[in-house]
Every structure is written in C-alpha cells, then in structure tokens.
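**Q** Sequence:
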Amino acid sequence: MRIFAAALVVASLPLAVFPSVPVEVLFGVGFLASLMQFCLYPLAVAFANDHVEAERRVSLTAMLLMTYGIGASIGPLAAGVVMKLFGGHMLYAFVCGAGVILVLLIRPKAVTHLHQVENAPLHHVAMPDSMSSSPLVVALDPRVDEQVVQEQMQTTVEPESEPESEVVADADAETEAQAEPVAGTETAEAEEHERERESETWKA
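Under UniProt numbering, the first residue of the sequence shown is numbered 1, with each subsequent residue one higher.
It cannot be assumed that every hint is accurate.
[Unchecked claim] Derived CB-CB ranges, DEER-like:
#: 1; residue 1: Val-10; residue 2: Phe-86; range: 17 to 23 Å
#: 2; residue 1: Pro-42; residue 2: Val-100; range: 19 to 25 Å
#: 3; residue 1: Phe-31; residue 2: Pro-76; range: 16 to 22 Å
#: 4; residue 1: Ala-6; residue 2: Asp-50; range: 20 to 26 Å
#: 5; residue 1: Ser-73; residue 2: Gln-147; range: 52 to 58 Å
Just so you know, the hints here were simulated from the structure itself, not pulled from any lab data. By construction, the Cβ of each residue, glycine as well, lies at the ideal position given by its N, Cα and C atoms.
I would like the entire structure built from these sequences, with the hints used as guidance.
**A** Structural data, given as structure tokens:
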C-alpha cells in the first residue's frame, strides 16, 4: 500500500508542477493518478482484515467507513479552497500531499501490531486456497508444526481387516451355493430310476 501511495505522488506530480499541459498528457497522467488513487481504499480494507482478529472486524469496518466518509467530506472542500486561491492544477498538488502523508504514516516503524492476530499471513509463505490438493501443501502452512507433518506423512494407514465371523459366513454361503446344484442333480437321477423300475414292473 505504501508503494501505491508513492506511485500516486509520482503520477500526480507532473500535473501539480505544470499549470497548463496538453489535453493528451492530462488524460494519460490523470488516468494513472486516478488508478492509483482508487486502489488505496480497497488495499487498506484488505490488509486491515487480514491482520485483525475476527471479533474486531465489524468495528474495524465501521472505523474504515467513518474515516473514508470524513475524508470524502473534508477533502473536496479543502481542495476547492486551494484551487480557488492558486489555480486548477493545485488539485493534483493536494493529491500529492495526501499521498506523502500516507507514505509517512504507514511506514513499518509506525505499525504497532497491537491487535494483530497470531495467525496473520506472512509475506514469504504461500497460502493455498485448499488443503485437499496434496499432503505436502500442509507443510507450507506456518501454523502447522513441521514435526507433526512429518509424522503424519511417515505413518502408513493399514487396511481394515474384515471380521472373522463375516469371512466364515461368506465361506458357508459359497459352500451351500455349490452344494445346491449337486443335490438337485441327485434327486433327478433318483426319480428317473424309480420311473424305470415302475415301467419294468408293469411290463412284467
């Protein structure tokens, strides 16, 4: 965010120094200055919510909105007075002054970390959106102990063995299924022998 504030100062400085510039230069430099200017508030909201506790986010949002509202009310009035006294190019001089104030206020030494959470994201650690892509992704999380990750990766999950009673029941079912066709064949052969005996008896 400090870089964007410094870029806003650099982009607005040419229009603040030169009272009259060509229209093409005015449009180009004005576009860059406006681009940097409108990126400051979203960046402030994002960084503030990343480094504050969850129960303080409502009050944080209220404070940011109140600060933005006060600046949006006082800024145009002060810029209008400066433009009336020194000319229209003082609008960008006013923007440069606001950018310099931001650069000085948000320097690293001025950050107190009073309400910063312990699990705030670090600049040099990649934080993935999901932990289900690979087991190695967990090792990138600074909140997870490295020893715990190594123990989980070295532990092999043994397949669950089926209970012995279920195995015995399955074996009995297969034996009965194989015995049923044999019993049916023996019954059919006995019936045929009985019919042959009856026919021989009638013939005699």
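**Q** Hints first: check each against the structure and report whether it holds.
**A** Comparing the hints with the structure gives:
no.: 1; hint: Val-10 with Phe-86: 17 to 23 Å; verdict: 21 Å, holds
no.: 2; hint: Pro-42 with Val-100: 19 to 25 Å; verdict: 21 Å, holds
no.: 3; hint: Phe-31 with Pro-76: 16 to 22 Å; verdict: 20 Å, holds
no.: 4; hint: Ala-6 with Asp-50: 20 to 26 Å; verdict: 21 Å, holds
no.: 5; hint: Ser-73 with Gln-147: 52 to 58 Å; verdict: 55 Å, holds
No hint from the list above goes unmet by this structure.
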